[in-house]
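Turn these sequences into a full structure, and let the hints steer you where they fit.
As they're listed, the protein sequences go chains A and B.
According to UniProt numbering, numbering within the first sequence proceeds without interruption in unit steps and concludes at 198.
According to UniProt numbering, numbering within the second sequence proceeds without interruption in unit steps and concludes at 198.
Simulated from the structure, these hints should not be mistaken for laboratory data.
Check each hint, because a few of them may be wrong.
In this list, chains with the same sequence are indistinguishable; a pair is considered to hold if it fits within one copy or across any two.
Computed cross-link-like contacts, EDC-like style, restricted to lysine to aspartate or glutamate with a CA-CA straight-line distance of at most 20 Å [as the list claims (entries may be wrong)]: (1) K120 with E148; (2) K2 with E65; (3) K2 with D78; (4) K129 with E86; (5) K161 with E125; (6) K23 with D90; (7) K137 with D74; (8) K161 with E138.
So the chains spell out like this:
There are 2 protein chains.
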Amino acid sequence: MKQPSALVALVDALRALPGVGPKSAQRMAYHLMQHDREGAERLGHALLFATEHLRHCERCNTFTEARICDVCSDESRDPTLLAVVETPSDQVMLEQTMTYRGLYFVLMGRLSPLDRIGPKEIHFERLVKRATDGVVKEVVLATNFTNEGEATAHYLAQALKARGLAVTRLARGVPVGGELEYVDAGTIARAMLDRRAI
Amino acid sequence: MKQPSALVALVDALRALPGVGPKSAQRMAYHLMQHDREGAERLGHALLFATEHLRHCERCNTFTEARICDVCSDESRDPTLLAVVETPSDQVMLEQTMTYRGLYFVLMGRLSPLDRIGPKEIHFERLVKRATDGVVKEVVLATNFTNEGEATAHYLAQALKARGLAVTRLARGVPVGGELEYVDAGTIARAMLDRRAI
Ligand SMILES: [Zn+2]
Ligand SMILES: [Zn+2]
Numbered sequence: 001m002k003q004p005s006a007l008v009a010l011v012d013a014l015r016a017l018p019g020v021g022p023k024s025a026q027r028m029a030y031h032l033m034q035h036d037r038e039g040a041e042r043l044g045h046a047l048l049f050a051t052e053h054l055r056h057c058e059r060c061n062t063f064t065e066a067r068i069c070d071v072c073s074d075e076s077r078d079p080t081l082l083a084v085v086e087t088p089s090d091q092v093m094l095e096q097t098m099t100y101r102g103l104y105f106v107l108m109g110r111l112s113p114l115d116r117i118g119p120k121e122i123h124f125e126r127l128v129k130r131a132t133d134g135v136v137k138e139v140v141l142a143t144n145f146t147n148e149g150e151a152t153a154h155y156l157a158q159a160l161k162a163r164g165l166a167v168t169r170l171a172r173g174v175p176v177g178g179e180l181e182y183v184d185a186g187t188i189a190r191a192m193l194d195r196r197a198i
Numbered sequence: 001m002k003q004p005s006a007l008v009a010l011v012d013a014l015r016a017l018p019g020v021g022p023k024s025a026q027r028m029a030y031h032l033m034q035h036d037r038e039g040a041e042r043l044g045h046a047l048l049f050a051t052e053h054l055r056h057c058e059r060c061n062t063f064t065e066a067r068i069c070d071v072c073s074d075e076s077r078d079p080t081l082l083a084v085v086e087t088p089s090d091q092v093m094l095e096q097t098m099t100y101r102g103l104y105f106v107l108m109g110r111l112s113p114l115d116r117i118g119p120k121e122i123h124f125e126r127l128v129k130r131a132t133d134g135v136v137k138e139v140v141l142a143t144n145f146t147n148e149g150e151a152t153a154h155y156l157a158q159a160l161k162a163r164g165l166a167v168t169r170l171a172r173g174v175p176v177g178g179e180l181e182y183v184d185a186g187t188i189a190r191a192m193l194d195r196r197a198i
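Here it is as C-alpha cells:
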C-alpha cells in the first residue's frame, strides 16, 4: 500500500523547514489537507513569490525586493555610522528604539564553528568592504549578547579596528525596569564593572 | 521601517502550519530565504499541487488522488471486514503488519471535546453509512490506545453495535519482546485481565 504521491511529496517537501522531522512533517501535511487548504494554498503562493522576488540588498545584505533596500536608500540617515546586526528582526528591534539613525549591515547569522558557520557564511568580506568605504567612521556591533553573538562581535572588532575604524558595542547592564533580585549575577557583575558616573 | 512585503506575507503564511508561532515562522522564513531557496520553491509547488489534487476517498475517507483509493478498489480484499483508524499513517502501520486484508475507514482524527472535535468532525455519519452497507459484518476499531482514541472507540462501539454490527478492538497487552520489568503497570494489569489459554 502506498500513500498518494502528492501527499508523499508534500510531507517530503515540508522537511525543508528547520526543526521539522518526518513525524511533524506528516502531522503538518495532514492538518493542511484536512483542515486548512486555503492556508496551504496561500503558503504555496507566498513561498513561490518570496523565492522569486526576495533578494539581498547590495549594500546591507538584508532581504529586499529592490536592488538597494529602503534604509540604505534613505539619504536622511547618517552614513558615517554602520550598525552590524545578526538578523533583519534585530534591525527592526533597533529601529523601534528610535535611538539610531545610521546605516546597517545584516550578517544573516552569527559565527558558530560547531554549525560550520564561519566568516564566509556571515559575509565577512562584504562587511569589511562596506565598512571601509571611506565614509563610515564608526561600526556599532549590535550582535546578540549570547556566546555566539559575543564571539562574533569580538572577531569583527579585531578585524575592523585593525583597519582603523572606531568600533563600539551596545552597552550591557541591568535591563530598564529590572529588579536586582531577579537579574542574573553575570549581568549585575557586568553592570558593576561598566558602572558610569551620573 | 518595514520589512519587504514578500517576506511579511511568507512569515504570515507559515503560521498556517500547526504549532508554528510568530517567532518560529520568522526563523523558518529567514532560513528558507537565506539557505534553502530550492527547498522553498519545492515546498511551494508541493503545497499547490497537493491542494489541487488531493481529495478524500468516497468510500474510506483517506487522502487519494482518485475518486476511490487503491485499497478500496482492490477486489482481492475482504469486504466484510472494516477497520477504523484515526489517520492514514495508522492505516499504513496496520498494512505493514500483513495481518489484515479487509477494508478501512479513516476518521482523520479522534473525538476530542476540548478541541471541539465531535462526531461530525470524525465523519461519524459517513462511517455508519459505510459500515451498514449490508456487506460489512465486523468493524475492527483500531484507534489509538490513548485516552482520546479509547473514548472514540467506546463511542463508535456503542453506535455500531446498536446497528447490529459485530465490533472488535485490537488486543492490548505486553508488547512483543517486552520485558515485564520495563512495561508500565497499567499495561501489565490489562494483560493479566485479558489473559488467554495457551
Ligand atoms: Zn540595504
Ligand atoms: Zn478508500
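Going down the list of hints, with the structure as the test:
no.: 1; hint: K120 with E148; verdict: within (16 Å within a copy, 51 Å between copies)
no.: 2; hint: K2 with E65; verdict: between (42 Å within a copy, 12 Å between copies)
no.: 3; hint: K2 with D78; verdict: between (61 Å within a copy, 19 Å between copies)
no.: 4; hint: K129 with E86; verdict: within (18 Å within a copy, 58 Å between copies)
no.: 5; hint: K161 with E125; verdict: within (15 Å within a copy, 73 Å between copies)
no.: 6; hint: K23 with D90; verdict: between (32 Å within a copy, 12 Å between copies)
no.: 7; hint: K137 with D74; verdict: within (18 Å within a copy, 75 Å between copies)
no.: 8; hint: K161 with E138; verdict: within (10 Å within a copy, 79 Å between copies)
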